[in-house]
Amino acid sequence: MAANKSQGSYYTLALVASTVLCAGIYEWSGGMGKLLVLVGAAGILGSLFGMKGIKPLEGKIAQKSSPFVMKMVGAACSLLGWIITLFGMHLTPSTGGRIALALVGIAVSLFGIIVVLPAAFNKNAIWKT
Amino acid sequence: MKKSIRGSCLFLCFLAIVCATAIVAHAQAPAAAMAPSADQELKDAAGKAPAMADLAKGDPGGTTTGTISDVPAADSTKGVTVPDVANQVGQNKIAINFVWTLVTGFLVMFMQAGFAMVESGLTRVKNANHTYMMNFFVYTVGLFSYWLVGFAIQMGGAAGNGNLGGLQSLTGEHTLTLFGKTWGYSGGSGMFLAGHTYDVGVMVLFLFQMVFMDTALTIVTGACAERWKFLAFAVSSAIMGALTYPLYGNWAWGGGWLAQLGVNNQLGKGYCDFAGSGVVHAVGGITALACALIVGPRIGKFNRDGSSNPIIGHDVSAVLIGCFILAFGWFGFNPGSTLGASAAGNLRIGTIAVDTMLAGCTGTFGALLFMWMKTGKVDYSMSGNGLLAGLVAITAPSGFVSPTSSCIIGLVAGILVVLSCGFIENVLKVDDPVGAISVHGANGLWGVLSVGLFADGTSNYGGAWNGVTGNVTGLFYGDASQLAAQLVGISTLIGFVFTFSFLVNLAIEFFVGHRVSIETEVAGLDLPEMGQLGYPEFVFKAEPDYLAHANKEAVAAAA
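Each protein sequence line maps, in turn, to chains Y and D.
Note that the working numbering has the first sequence beginning at 1, numbered continuously upward.
Note that the working numbering has the second sequence beginning at 1, numbered continuously upward.
Treat the hints with care, since some could be wrong.
Heads up, simulated PhoX-like pairs for lysine-lysine below, C-alpha to C-alpha not over 25 Å straight-line [said to hold, decoys possible]:
{"id": "1", "chain 1": "Y", "residue 1": "64", "chain 2": "Y", "residue 2": "128"}
{"id": "2", "chain 1": "Y", "residue 1": "60", "chain 2": "Y", "residue 2": "128"}
{"id": "3", "chain 1": "Y", "residue 1": "123", "chain 2": "Y", "residue 2": "64"}
{"id": "4", "chain 1": "Y", "residue 1": "64", "chain 2": "Y", "residue 2": "52"}
{"id": "5", "chain 1": "Y", "residue 1": "123", "chain 2": "D", "residue 2": "552"}
{"id": "6", "chain 1": "Y", "residue 1": "71", "chain 2": "Y", "residue 2": "123"}
{"id": "7", "chain 1": "D", "residue 1": "552", "chain 2": "Y", "residue 2": "60"}
{"id": "8", "chain 1": "D", "residue 1": "78", "chain 2": "D", "residue 2": "43"}
{"id": "9", "chain 1": "Y", "residue 1": "71", "chain 2": "Y", "residue 2": "128"}
{"id": "10", "chain 1": "Y", "residue 1": "128", "chain 2": "D", "residue 2": "552"}
{"id": "11", "chain 1": "Y", "residue 1": "64", "chain 2": "D", "residue 2": "552"}
{"id": "12", "chain 1": "Y", "residue 1": "71", "chain 2": "Y", "residue 2": "60"}
Keep in mind the hints are simulated off the structure, nothing from the lab.
Could you build all of it, start to finish, from the sequences and the hints given here?
Below is the structure:
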């Protein structure tokens, strides 16, 4: 399946619903605000599930499924590195200590991004078969 | 006797009062004389201004146009007064800054054309229309989502910019109290540019920030070209323009917690990213990496043993002309980031423009010479990427470093882009058709880091940066704490921005699916996705054997 009318319709719905949602947030304190948020959120969900409904029509893609848990571990590593850096700023007042902890945080994040995630995505890569 | 003493005293008191009055009157005399004198001088100048009859004769030399007659008087019966002149001076300062910021913003907008040409030129002819259309549509979808909510998240608490008249209507920064300090995490005012943000200064800021945001969005389209479903691209770009970019933009430029690292944690002048190596390019490059991992490599890019195949672009002229358009637009990107040309140290724009040129120059040298020595040939795509890498790297430090430092930063960037492209392709096995992850991601991070190393402490934008008095100074000029602030910014880019982008695009994978079908990919995306070829009258040359073989295998597998 290539681009088609259903895709265009669901994307248009998503844009209109996002606009309504944002208008609701803008008018949150007014009477209509909460209603607009509900309508907008419902529209976005409707468009997403509509897109999910037509997704199988795309046909076979040049990609195989990769281990979900490994992908989550990679993302968690990446996030953990950031948290180490954030808390490192408050663990020590010394500039050298903060630089060292920031470097540790960056290294942990990079481990997740350039070691774990590529390994996850390449585990069942189609070019290997 | 008593009477005569009393009389003498009264006489002395009278004398003292007369003397004191005379002294005060004498002291006030010049000031009193000054006021009428200034007004008198203005009246004299008005009297000497060219008459209407003189102006009607024309002014070929430009000597009689623009005089006191052009200064509006609040009260026409009094003529032009000193307060009128002072008001006009203030408005002129803001007008200069408005025009500067708008014109540089227009230059940045034109960079979209450069990106479109570079990315399309580096892809195969069967995907040209699709790649051009992604670069075209990203402008629209990014602008719309930024107008809805992105600008409010990013700049909704950015009041206080004197260059643009104060922007006092942007006072909605949401904060969080942690470790006894208050940290900003998101703006709140400015949705739809409505209400009290319907303001001339806010409009100028919106235009300038919007074109920056769109630059970040268009980086991703290059890394995922030739296999990205248009619908998935459109959804991903809308979310990036509404959330991913504005969040980091707020933290760095909107008064958020990264900018507050100097005030709250005594880390230099807080996180400093003058024109967006981190905010724009690294956010775009890192999101590109997250998307490219999920989308996967093009059919035929990698062999069974993991070695990679070159997939050559279709148009050298588009690539190199696109690079020149980008380099031209960068004169808006970096010098425009002062948000003004008048007052508050903004005359630094000359240095910023020269730094930008030099880093692009040495970036080209770095990549071109490195490839020439490595392969024996001058590689056009790497040369173009070297120019862009130098420009990306100088974007954050351009407001704080000397021309010599900018040459070093650019040269390192030019070499780094070649090494990074090789690493991403051969080690990570991530397929990036245009080198966007290396040009914008790796060199965006290098640019952020280089502020902490090379900032020389000579630039002074009104005496303070991020609320900390003094000039931005890096490690090599004596302030290691600035390097620490920059490292926190880098950690946030790869730790938070990557993870956020990755999870958002995994969700899009679940609902929409990022990748086109094998048939579509093999045929080229132009006809199936766009309905028309980019070059309908061209006769396509057969693809190289290794790609044709891979295509056949993929189609057979699909069947």
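Verify the proposed pairing of residue 71 (chain Y) with residue 60 (chain Y), using a straight-line Cα cut of 25 Å. holds, 22 Å
For a C-alpha distance cap of 25 Å, please report whether residue 552 (chain D) and residue 60 (chain Y) respect it. With a Cα-Cα distance of about 14 Å, the restraint between residue 552 (chain D) and residue 60 (chain Y) holds, given a limit of 25 Å.
Against the 25 Å threshold, does the CA-CA distance of residue 60 (chain Y) and residue 128 (chain Y) hold or violate the hint? Distance of about 17 Å is within 25 Å: holds.
Proposed proximity, residue 64 (chain Y) with residue 123 (chain Y) (alpha carbon, max 25 Å): holds, 9 Å
What's the verdict on residue 64 (chain Y) and residue 552 (chain D), does the C-alpha distance respect the 25 Å limit or exceed it? Holds: residue 64 (chain Y) and residue 552 (chain D) sit about 18 Å apart, inside 25 Å.
25 Å Cα cutoff - pair residue 78 (chain D), residue 43 (chain D): The given pair, whose Cα atoms are some 9 Å apart, holds under the 25 Å limit.
Taken at face value, is the distance from the CA of residue 552 (chain D) to the CA of residue 123 (chain Y) at most 25 Å? This hinted pair holds, its Cα atoms lying about 23 Å apart.
Is residue 71 (chain Y) close enough to residue 123 (chain Y), meaning Cα to Cα at most 25 Å? Distance ~11 Å between residue 71 (chain Y) and residue 123 (chain Y) Cα, so the pair holds.
Given the hinted pair residue 128 (chain Y) and residue 552 (chain D), is their alpha-carbon gap at most 25 Å? holds, 16 Å
For the pair supplied as a hint, residue 71 (chain Y) and residue 128 (chain Y), is the alpha-carbon distance within the 25 Å limit? holds, 19 Å
Does the alpha-carbon distance linking residue 64 (chain Y) and residue 52 (chain Y) stay inside the 25 Å limit? holds, 18 Å
Could you grab the alpha-carbon distance between residue 64 (chain Y) and residue 128 (chain Y) and see if it respects the 25 Å cut-off? holds, 11 Å
The structure is consistent with each of the numbered hints, conforming to all of them.
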